[in-house]
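Asker: Dock chain B against chain X, hints included.
As a plain string of letters, each chain reads:
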Amino acid sequence: MSLRLCALVVSLAAVAPVSALAQVDRAAAETQIKAAFLYKFSGFVEWPPKAFTRPESPFTIGVIGADELAAELEQIVKGRTVLERAVVVRRMRRGESVAGIQMLFIGQAEGARLAEILAVAKGQSVLTVTESEDALAHGSMINFVFVDDKVRFDVALPQAERGALKISARLLAVARKVLTSS
Amino acid sequence: MRRLIAPLSVRQKLLAVVLVTTLTALLVAIAVMVGFDLRTYRQSLISDMTTQADLLGRTTAPALTFDDPRVAQENLELLHYRPQIRAAAIYNARGKIFASYSGTDGREFPKLPEADGTRIEGNELVLFKRIVDSREILGTVYLRADYELYDRLVGYLGIAAIVAAIAMLVAYVLSRQLQHIVTSPLLAIAGVAREVTEKRTFSLRAPKLSKDEIGMLAESFNTMLAEIERATRDLQASNEVLGREIAEHNRAEQEILRLNTELEQRVKERTAQLEYTNGELEAFCYSVSHDLRAPLRAIDGFSQALLEDFPKDVPEEARRYLSRIRSSTQRMGQLIEDLLNLSRVSRGGLERRDADISELARQVVTELQTREPQRKVDISVWDGMRANADSRLLRAALENLIGNAWKFSSKTDQPRIEIGSLSDDGRAVFYVRDNGAGFDMAYANKLFGAFQRLHSGNEYQGTGIGLATVQRIVHRHGGRIWADAKPGKGAAFYFTLESDGVEKAGRDMAEAQA
Numbered sequence: 000m001s002l003r004l005c006a007l008v009v010s011l012a013a014v015a016p017v018s019a020l021a022q023v024d025r026a027a028a029e030t031q032i033k034a035a036f037l038y039k040f041s042g043f044v045e046w047p048p049k050a051f052t053r054p055e056s057p058f059t060i061g062v063i064g065a066d067e068l069a070a071e072l073e074q075i076v077k078g079r080t081v082l083e084r085a086v087v088v089r090r091m092r093r094g095e096s097v098a099g100i101q102m103l104f105i106g107q108a109e110g111a112r113l114a115e116i117l118a119v120a121k122g123q124s125v126l127t128v129t130e131s132e133d134a135l136a137h138g139s140m141i142n143f144v145f146v147d148d149k150v151r152f153d154v155a156l157p158q159a160e161r162g163a164l165k166i167s168a169r170l171l172a173v174a175r176k177v178l179t180s181s
Numbered sequence: 000m001r002r003l004i005a006p007l008s009v010r011q012k013l014l015a016v017v018l019v020t021t022l023t024a025l026l027v028a029i030a031v032m033v034g035f036d037l038r039t040y041r042q043s044l045i046s047d048m049t050t051q052a053d054l055l056g057r058t059t060a061p062a063l064t065f066d067d068p069r070v071a072q073e074n075l076e077l078l079h080y081r082p083q084i085r086a087a088a089i090y091n092a093r094g095k096i097f098a099s100y101s102g103t104d105g106r107e108f109p110k111l112p113e114a115d116g117t118r119i120e121g122n123e124l125v126l127f128k129r130i131v132d133s134r135e136i137l138g139t140v141y142l143r144a145d146y147e148l149y150d151r152l153v154g155y156l157g158i159a160a161i162v163a164a165i166a167m168l169v170a171y172v173l174s175r176q177l178q179h180i181v182t183s184p185l186l187a188i189a190g191v192a193r194e195v196t197e198k199r200t201f202s203l204r205a206p207k208l209s210k211d212e213i214g215m216l217a218e219s220f221n222t223m224l225a226e227i228e229r230a231t232r233d234l235q236a237s238n239e240v241l242g243r244e245i246a247e248h249n250r251a252e253q254e255i256l257r258l259n260t261e262l263e264q265r266v267k268e269r270t271a272q273l274e275y276t277n278g279e280l281e282a283f284c285y286s287v288s289h290d291l292r293a294p295l296r297a298i299d300g301f302s303q304a305l306l307e308d309f310p311k312d313v314p315e316e317a318r319r320y321l322s323r324i325r326s327s328t329q330r331m332g333q334l335i336e337d338l339l340n341l342s343r344v345s346r347g348g349l350e351r352r353d354a355d356i357s358e359l360a361r362q363v364v365t366e367l368q369t370r371e372p373q374r375k376v377d378i379s380v381w382d383g384m385r386a387n388a389d390s391r392l393l394r395a396a397l398e399n400l401i402g403n404a405w406k407f408s409s410k411t412d413q414p415r416i417e418i419g420s421l422s423d424d425g426r427a428v429f430y431v432r433d434n435g436a437g438f439d440m441a442y443a444n445k446l447f448g449a450f451q452r453l454h455s456g457n458e459y460q461g462t463g464i465g466l467a468t469v470q471r472i473v474h475r476h477g478g479r480i481w482a483d484a485k486p487g488k489g490a491a492f493y494f495t496l497e498s499d500g501v502e503k504a505g506r507d508m509a510e511a512q513a
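So the sequences go chain by chain: X and B. All residue numbers for the first sequence refer to numbering that gives the first Met the number 0, where the first residue is 0 and numbers rise by one. All residue numbers for the second sequence refer to numbering that gives the first Met the number 0, where the first residue is 0 and numbers rise by one.
Chain B with its partners taken away, still in its complex shape:
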């Protein structure tokens, strides 16, 4: 039923409800009325026939008493005025038929009378009734009458069908006329709702046609529409703002991209220029250094020859001048040597191999101790330090770092040097630490530049190229170098030999600019 009704419109549903209700009420009413009528019919027929039988009994009692079947027969014949009674008979006290009457059919009568009572046999009512007079049973009346229950029922059903048809027709017409009272406000709301959904015009409003629940629905619907309208407007406004912002953002991003591209291009160009210049500079430096050594060696060599070949001819004063010439040329030779080293470190290939840092450090320490056996320095080198690195370059770096430590701790009472490693986030960090002169961290940024010296040449000897060389070596390994120091409290140099990714770009740039 529900599935049948579900797809119908409200109008049709209302109609269906009215018709179904009407039909049901009608059928119930008709069923009750017919049932009641048939029951009444049956009761009245039985009572009528019983009365008839009593009357017949009373009328025929004298005939039975005085054994006069003719009179009884005459009495029975009167029944033809009641065609409803099809047959009747009077039995005497011995159960023999005394008189009989059969109006329309020629059927036989029961051979023997039965006890008092009525029963329905198909469409006939059969009745037996004792004839009692002065407390004597004189005989029995038998009656057979039409019992028109089925005919009546059929008749009633016909009437019911006609009445139902008329009633349904009237109900249909009436409900068609009246239903718009209920449906029109609903349909108005539904129409507005459909229009709102299709055209998205939230400014529409449903008309309030009634003051009942549907009217309330229309009001609520309108309130909702107003709310939606407002929310939509807000949303649109914020959408516009957002759109503008996004456009701006996009434009800015484009600009940044463009600038970036430009910048990259410029960086590339500059880098290329710088590399070229650097290369030239290095080549120049190398050739100059190389070419400078020959005249220097000549100056030194001939100065020495003068001193050795003419020990008597050279006055004491000249001898002193010659010594100074020699020391200057030697210092200059050392400087050139260092420059060549720096240059060499930058050129040439990088051969990474498993390098024993502990062993390299010990070799450097031994060399230093051999060179200045009079110095007592407490040097500790950790065991088992290894790295995947170019051991030739690494040795050069260690020579510089340990040499520095050796040099700057020369004026300390109990000089101490430690070469070790520690782990930072799984990466090995090596360090060379001393308790020597140290330096002010304010100059830390100048530390690794070539020819930068924090201490005067009188205090400590040096060319100022060592740390630049070390930094170059560390960078070529993809590592990093940094220092920690305090004046008079010593210095520590830390370095790694592996790339840690993050700082590579910055370092590349820094290196390129250096």
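One chain only, chain X, in its complex shape:
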């Protein structure tokens, strides 16, 4: 199972730069990669116990403004666990509470409302992931970027620290940029 996923991620990563021919294919591939990365982040981040309402609460990934990614993510997490918890993908809307959510992805589609959404999650133990320029400035913790036909990401540590999240140095090692205290 995990092998298959791994193979998928790697194959997508390898295929991604070559598939520039078809814009649609490329966008789909990018979505797939990001969904996989999202799931992978869970392995490099440490949540405080209070992030979960109950011991048996599932690990919940909230997705806003990225239905395709949410669908992809649902495929990936099916039957998988994070921190020995079941994984649940929740499609959310603006203004919705982030309670019980450990990871929140805000798609590019939200655009200008990004800051507003991030403000809700601010100070919470929710790992916020975005895919917009200057998202880190608005309080996002991890932001996807596209470099040399490859999906990479930047990390902002102060925001994570404010949410009592510990991001593994190993993850930081592969980040394109790491923002420390501003």
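Simulated from the structure, these hints should not be mistaken for lab results. Zero decoy hints are in this set.
Calculated from the model, a selection of chain B residues having no Cβ within reach of chain X, i.e. all distances over 10 Å:
#1 L7
#2 F35
#3 D36
#4 P109
#5 D145
#6 P206
#7 F220
#8 A225
#9 E261
#10 R391
#11 S422
Derived list of chain B stretches under chain X, where covered just means 3 residues or more per stretch with a C-beta under 8 Å from a C-beta of chain X:
#12 55-62
#13 65-73
Chain B is faced by these chain X residues, among others (derived, beta-carbon under 7 Å):
#14 K39
#15 G42
#16 R169
#17 L170
#18 A172
#19 V173
Glycine included, C-beta positions come from ideal geometry on N, C-alpha and C.
Answerer: Chain B only, in chain X's frame:
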């Protein structure tokens, strides 16, 4: 090994033993240590490289997860701080090279990763290790490192050679210094033993330099020497005595030889004298006897003529005197005849031929019976008695012996004469036996001498020359004669006609002296 060591001296043997033992112990120790070290080296290298691979896997796991070869590459580049690692590579989950590092050589990497494990390829250690994160296989680490087993081994051998050389040198010097503790008592004993063997001076003693087995050996050796010394002294003493005895014995033997020679010489001289005298005597006797017969015959003849020619003129008294003169002359003639016979028997040749003794004896018996037909004597002569002898002489002997038997049995009631033979040790012994007067054996030694008479002339007629003649005849044949008798119970005369060797010498002498 043994053959190699055998001709060495004890000193050299000890040295050799010490050196061989030292070398063996050293080699075993070095071999064990090197073996252990190389094993440890191999294990620690493998464990080190496995750890390194784990570390690399863990470090590059995020890079693999988030598909960032650059980061992985950077991680690998850090390996240049470990020049022992020649090359490394990270394969992704699909088996493609994700990042690689080759420090010193430009060799290619395996196209595909292999299963977890380590192996030695010549002087390199090759290792593959899966990268697993959150139970997902992310890829594989490949490491190639120097495996310096052979270099180490060569290095160790060099050290071993140096250590062995030093150790052997030290052992050599030490054992040279210390071995005299063991060898000097031994050498002292050996020196004494050699001196004793060469100079045969058993008074030497080995010094006892130690209280161990060698000391005991020295003591035993000394005891042995003392024993030998004593035995040698005894032997020499007894040798001297023996030598003296032998010298004396030799001198005595020489003396005996000299005396013997002298004696022989004297015997020879005497024998020659005697033979000469005997010869002369015999010649004299013969001529005298011969010459005496003529006057005797004349006396007898003229006495007879007187009696026959003047039967009337001679008075009875004179006639009686004449008769006595005649009988005396006849007796004297008989005596002369016998003497001539004895003389003849001694002279003349000996003609040995196959002689029939039985026949000769019968002739003699017949003659006797013809001469005195009135006597009744029971005479038995055995058949088939033969001998290689001179029959003329033998007949003379038989005439005497049988005649004696005839004569001396004349006064016996039932006279009996037996002529026979018996076998003594394969030699024939003949005998003539009668049951007549016999004689006392005390006079047996006088029996065969001439003119020896055991009975008076009145009792039995005879000249006393007969048995001397018989003995002469028997002796001329090389035989022997002896008698066995008892007064009144008869006599037996035994004789042989062949030499029986043993008694010849004595008889010769006896004959010469007779």
